[in-house]
Structures are given as C-alpha cells and as structure tokens.
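*Asks:* Read off the chains here:
2 protein chains.
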Amino acid sequence: MNNEPFSVVPLKINYKTLEDFKQFREYGLEELYMLEDLEENLIENHLRSPFFGIYDGDRLVARMSLYEIEAPYDRFFQPPQNYYELWKLEVLPDYRNKGLGSKMVQYAKNLNHPIKTNARSRSDQFWLKMGFQPVHYDPNRDRGENPYVWLPEGIELQK
Amino acid sequence: MNNEPFSVVPLKINYKTLEDFKQFREYGLEELYMLEDLEENLIENHLRSPFFGIYDGDRLVARMSLYEIEAPYDRFFQPPQNYYELWKLEVLPDYRNKGLGSKMVQYAKNLNHPIKTNARSRSDQFWLKMGFQPVHYDPNRDRGENPYVWLPEGIELQK
Numbered sequence: 000m001n002n003e004p005f006s007v008v009p010l011k012i013n014y015k016t017l018e019d020f021k022q023f024r025e026y027g028l029e030e031l032y033m034l035e036d037l038e039e040n041l042i043e044n045h046l047r048s049p050f051f052g053i054y055d056g057d058r059l060v061a062r063m064s065l066y067e068i069e070a071p072y073d074r075f076f077q078p079p080q081n082y083y084e085l086w087k088l089e090v091l092p093d094y095r096n097k098g099l100g101s102k103m104v105q106y107a108k109n110l111n112h113p114i115k116t117n118a119r120s121r122s123d124q125f126w127l128k129m130g131f132q133p134v135h136y137d138p139n140r141d142r143g144e145n146p147y148v149w150l151p152e153g154i155e156l157q158k
Numbered sequence: 000m001n002n003e004p005f006s007v008v009p010l011k012i013n014y015k016t017l018e019d020f021k022q023f024r025e026y027g028l029e030e031l032y033m034l035e036d037l038e039e040n041l042i043e044n045h046l047r048s049p050f051f052g053i054y055d056g057d058r059l060v061a062r063m064s065l066y067e068i069e070a071p072y073d074r075f076f077q078p079p080q081n082y083y084e085l086w087k088l089e090v091l092p093d094y095r096n097k098g099l100g101s102k103m104v105q106y107a108k109n110l111n112h113p114i115k116t117n118a119r120s121r122s123d124q125f126w127l128k129m130g131f132q133p134v135h136y137d138p139n140r141d142r143g144e145n146p147y148v149w150l151p152e153g154i155e156l157q158k
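Protein chains in written order, with numbering that gives the first Met the number 0: chain A, 0 to 158; chain B, 0 to 158.
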C-alpha cells in the first residue's frame with residue numbers, strides 16, 4: 000500500500016479485499032466469481048485483479064475496475080488498439096465530493112491507453128469534466144449503454 | 000394506447016415519447032440518437048422502438064427496453080437462439096412499490112423468448128422473485144455486468 004494518503008493503488012484480490020467490496024453498491028456475480036476463484040486456487044493476493052482503489056488507513060473507500068480489451072475486439076478507436084473499459088467507479092458515501100473519483104479517473108488516464116466507460120445515471124457532466132467525450136451511439140454495439148471515451152493524443156474515434 | 004389502467008404498451012418513438020424519457024434517470028446517448036433519427040427521417044411514430052412502458056393517463060411512468068439479440072450472437076442460451084436483452088427498467092419515484100416493475104417484466108416473459116438482464120445496484124432479490132437466475136460469471140463475456148437470465152421451458156444455459 001502506498002504511504003501517501005488517498006492515493007490510488009492496485010487492489011490485491013484476497014479475502015480482505017473481497018470483504019471490503021461488500022460495502023459498495025455494485026456488488027454481485029463478478030465479486031462472487033473472484034471469491035470462488037480464490038477459494039479454488041487457495042492463492043492469496045491473486046494477480047489477475049482488474050481493480051484499483053483508494054484506502055483511508057485500512058478501509059477501502061473507493062474503487063474502480065480497468066479491464067483491458069484487446070485490439071482485435073476494439074470497436075471504438077482508430078487505429079484499433081488495446082484499451083481499457085472502466086467500470087464500477089464508486090466512492091463510499093462519506094468520502095464523496097473530495098475529488099477521489101477524479102483521482103481514480105486520472106490514474107486510469109495516466110496509463111495512456113484509450114478508455115471507454117458507460118456514463119450511467121446522468122453522470123455525463125463528470126465525464127466531460129474529466130476530458131471524456133460521448134461517442135456516436137450505435138445500437139448494435141452499444142446496446143443501451145451511454146458510452147463516453149477518453150482519447151490519448153493522436154487517437155481518434157472509429158467512423 | 001391500451002384502455003386498461005397501468006397496462007404495458009409498446010412505445011411509439013415520437014417527440015412526446017422522447018420528451019417523456021427525460022423524466023427517467025437513465026437518459027443519455029441512446030435517447031439523443033433516437034431524437035436525431037427522428038429529426039433526420041421526419042417520421043412520426045417510428046417503428047424501430049425497443050421501448051415499452053406504462054402510462055398514467057398521458058404520463059409515461061415506467062419504461063423498459065427489450066432489445067432482440069440474434070441467435071448467432073447468443074452466448075448465454077442452449078440451444079443458441081434469439082433472445083431479449085432487457086435494460087433501462089425504471090419506474091418513476093411516485094409510482095414505485097405498486098407492482099409496475101413486475102408487470103413490465105411479466106410482459107417481457109410473455110413474449111416467450113429467453114431474457115438476459117444486468118441486475119444492477121443490488122437488485123438481485125427482485126430478479127430472483129421474477130423467476131430469473133444468475134449466470135456463471137464469465138469475465139470476457141460479462142465485463143463487469145451482473146447477468147441474470149430468464150429461461151422459458153426447455154431452454155438451458157450454455158456450459
């Protein structure tokens with residue numbers, strides 16, 4: 000864990016992390032699957048975690064997932080390339096409006112790959128502020144999502 | 000529009016419907032795309048709408064989308080077949096806890112195709128009550144979603 004307060008760190012998938020996840024609103028099959036996986040493998044601090052988060056002392060107070068999509072599956076960016084899907088960005092209620100969400104998104108941008116997210120629940124203004132842009136909605140590809148993307152220098156959207 | 004109160008009806012995509020949609024929390028690029036589409040085609044009561052809803056008089060108070068996925072893209076059901084993705088199920092706050100959500104899901108089930116949804120925000124109990132079941136989470140396919148499915152008689156999940 001990093002010593003600087005409220006810095007973003009990769010999350011180790013162990014029993015404590017999975018217990019911490021129960022505090023978040025978006026908790027479901029993905030988390031249960033990670034738990035099963037942990038139990039079957041009997042490995043602590045599993046490396047396959049796509050999760051990142053912020054601790055206040057020992058308490059996980061914010062998290063997000065960055066899932067890498069490989070270039071052959073890229074339907075958003077030009078040229079097609081590996082990119083991240085960002086999901087489950089969530090800050091616990093007591094820690095909101097302190098910039099922790101922005102800090103996590105900034106961490107993702109620093110990885111310097113394009114990012115795609117689904118801007119849910121009227122969060123468009125947040126994503127615009129973070130430098131994301133809406134895509135042109137494609138019903139077959141986007142299936143009811145509200146996709147916003149972040150483009151590193153030199154990258155464009157597919158036509 | 001159906002005369003029975005609070006019955007589920009297919010929504011015509013016209014300027015009134017798109018204005019009605021603004022009352023719902025999940026409003027974004029999909030709705031803007033439908034508006035553009037309407038403006039470009041200058042066609043009222045557009046037929047391509049995947050939306051269904053419930054009216055109280057003239058007021059749209061609940062909605063959902065049922066989007067048909069074709070068999071070659073089916074990664075959930077055995078045998079692979081056309082199925083519906085159900086999303087944007089939402090009842091306006093004043094109309095909650097009156098069974099309107101259940102009524103909409105029942106409408107979808109009556110179409111007698113398998114249904115897949117993403118059970119967000121700890122809604123698992125609602126979907127179980129409606130006869131849905133969780134899938135075995137597959138990170139590549141499910142990408143952070145929380146998929147619950149409804150199986151008509153004789154249909155199974157893919158292994």
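Everything labelled a hint here was simulated from the structure, so no lab data went into it. Do not take every clue at face value.
Any copy, or any two copies together, can satisfy a pair, since identical chains are not distinguished.
The list that follows gives simulated cross-link-like pairs (lysine-lysine, DSSO-like), each with its CA atoms no further than 30 Å apart [to be verified]:
1) Lys158 to Lys97
2) Lys21 to Lys158
3) Lys21 to Lys11
4) Lys11 to Lys108
5) Lys158 to Lys108
6) Lys87 to Lys15
*Asks:* Hints first: check each against the structure and report whether it holds.
*Replies:* Okay, the hints, checked on the actual structure:
Taking the closest pair of Cα atoms, Lys158 and Lys97 never come within 30 Å of each other, the shortest separation being 37 Å inside a single copy and 45 Å across copies. With identical chains, the CA atoms of Lys21 and Lys158 are at most 30 Å apart between copies only, with a shortest distance of 28 Å across copies and 40 Å within one. With identical chains, the CA atoms of Lys21 and Lys11 are at most 30 Å apart within one copy only, with a shortest distance of 15 Å there and 41 Å across copies. In this assembly of identical chains, the alpha carbons of Lys11 and Lys108 lie at most 30 Å apart only when taken from the same copy (21 Å versus 41 Å across copies).
Taking the closest pair of Cα atoms, Lys158 and Lys108 come within 30 Å of each other only inside a single copy of the chain (23 Å); across copies the shortest separation is 37 Å, beyond that limit. In this assembly of identical chains, the alpha carbons of Lys87 and Lys15 lie at most 30 Å apart only when taken from the same copy (18 Å versus 33 Å across copies).
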